[in-house]
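K.L.:
As they're listed, the protein sequences go chains A and B. Going by my numbering, the first residue of the first sequence is number 1, and it counts up by one from there. Going by my numbering, the first residue of the second sequence is number 1, and it counts up by one from there.
It is possible that part of the hints are untrue.
[To be verified] Between beta-carbon pairs, the in silico distance windows are: (1) B/Ala16 - A/Asp221: 48 to 56 Å; (2) B/Asp132 - A/Gly119: 50 to 58 Å; (3) B/Ala16 - A/Met1: 20 to 28 Å.
[Said to hold, decoys possible] Stretch by stretch, here's where chain B covers chain A in the computed footprint (C-beta under 8 Å, at least three residues): (4) 4 to 13; (5) 18 to 27.
Simulated from the structure, these hints should not be mistaken for lab results. None of these values were measured; they are calculated from a predicted model. Note that beta-carbon positions come from the ideal geometry of N, C-alpha and C, so glycine has one too.
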Amino acid sequence: MSLEQRISTTMARAAEGVGAAGFTADEILHKGRTARVRRRARRTAAGVIAVVLAVVATLTATNLPDRTSQIPAGPTSPASPSPTLTGWPIPTSAPQSGTPAQDLGITIANGAEITSPHGRFTMSLPAGTYIIRGVHVVGGWVVTTESALHPQVDSWFQPSNGGAPIRLASERWETDGNRLVVASLTEATMTAYLLPSMVRIAQTRIPTDDNSSIAGVQIVDGVVYADYMHDASPLRTARWDLNTNAVTILAKTVLAWGFGGGSMLRMTGDGDGGTACADIVPTERFAEGGTTGVCSAYLGRAVGTLSPDGKRIVFRAANQPMLLVDAADLHAGVWRPTTITAAKYFIGWDRSSAFLTHDGDPIPKGDGNPSPILRCTGPDTCSPIGLSAGNPLFFVVTDNLG
Amino acid sequence: MDEDALREFITARSGALLRSAYLLVGDRAHAEDLLQTALIKTYLAWPRVRDHGALEAYVRRTMATTATSWWRGRRFRERPHIEVPDRAEADPVDPRIEHDAMWSLLRALPARQRAVLVLRYYEGLSEAEIADALHMSRGTVKSHASRALTALRDRLTRQTTTDDDRTGVRR
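Build out the structure end to end from the sequences listed, making use of the hints.
P.N.:
Rendered as structure tokens:
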């Protein structure tokens, strides 16, 4: 039997035992309708009134001299001052009673306004633009915005001294609070800037073919890890040392999912959805092999996030409940997850290592109330956080800068 | 939207589509996720699907492209509303296939190489059809197929050699 025949026969045999699908046509149609409503809410809303951005503000914002004149031609162009938008073209979210977000150390972005426990700051953004992601960095904020009026996503550095926001070349960015790395959306190129001056400190291109592009970047202790992909390979990770400008390709895809307590959640795999391994390691050991931790097919499909204190991880994967895992267990190779019963969707961690979550669609629809945004200290110990009316319909949490 | 037609299609074809999904991802639960995702995408695209006779090809293409971009997709910051929720208790697949050497090797291939082989040797598509389905050039399809076959040959040879060594067979 030829190799091709053997492949064909094996596939037929493997497929034989699969059995019937565990869902009905009506379930798919229902999910399709729900997805369509959500998509419309996003588009027409253009949706969203604002976004809650829970930000772990561990760094102190300082007023540093404005050196924007040193910014290279690429990522610049200040936003044009915008008229105040008096309303959004979709319903706003309902008020929610509970301990006010600011009292919990949670920073919220509502439209162009960032409200932290220390005060409020309003970015000067084009009309109808709202923040969907943000990180508090030295001397300001790095944020990504969407427009309610146009299908447009932009990223910005907003100095906290009140200077005009500076538009970045790409929405694909990451920061360690002191440096900012921006990756191209179409090529395997990256540029690093010093914050808050936005002086360009390095630029590189991953040595791969022309069809490659970068899927995501992480920056740890002056070293950038970029996962990239091209037509003829699964995801790969490149290591870029900002001090030497040297780029090396790692043997396995290595991803960082959060930093906390001097450690990080490191996941390694073959990059195409097979088995992956997760471990908690000191940040300086990011690229080393010999992981202990736990390896499984579930982890190959899961996304994990480490709490700011480095003690807990929330894992989630499509069609699976969220799991809470003790970091020490994981590092010891023990897989002992607790199912989070209170809600299905993870938003992020707050500064005290409680996590924010909700149980469904926070977008108010005609057929029901939005689900409340909860703060959980354990898998089933959650309570709503206090939010005023008009808060975001969906939101994204920053990385932990811890 | 003619939901009845789509309901009828899903009822009639989800079993066959699930088998293809399983070959693409090599895991029963993951296959069900993949198929649900592809069907929901199809529902959303339904008004734009002009040739309803080609619906199955559309779903299969969506599965293939989704399967090869899953890891990459999850890398981006997720938003809750794009997740496909709930349910997926899967029946275990025939345990005998889990011990099949060739199946283990096929599952170990990178996603795109595996997708090309599934479309070629299970779905019976031509190179041109695979290129169209996966949005890649025919040259890239050839390259994936060639790499996959070479890898399988190498690994099979290595396995055979190892087995022979164990049993004391000399060549």
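K.L.:
Hint by hint, note whether the structure agrees.
P.N.:
A quick look at each hint next to the structure:
1. A hinted range of 48 to 56 Å holds for the C-beta pair B/Ala16 and A/Asp221, which are about 51 Å apart.
2. Here the CB-CB span from B/Asp132 to A/Gly119 is close to 56 Å, well matched to the stated 50 to 58 Å.
3. The supplied range of 20 to 28 Å is met by B/Ala16 and A/Met1, whose beta-carbon atoms lie about 25 Å from each other.
4. Check result for the stretch 4 to 13 of chain A against chain B: holds, 8 residues qualifying (beta carbon to beta carbon below 8 Å, three or more required).
5. Residue count for the stretch 18 to 27 of chain A with a Cβ under 8 Å from a Cβ of chain B: 10. That meets the three needed, and the coverage hint holds.
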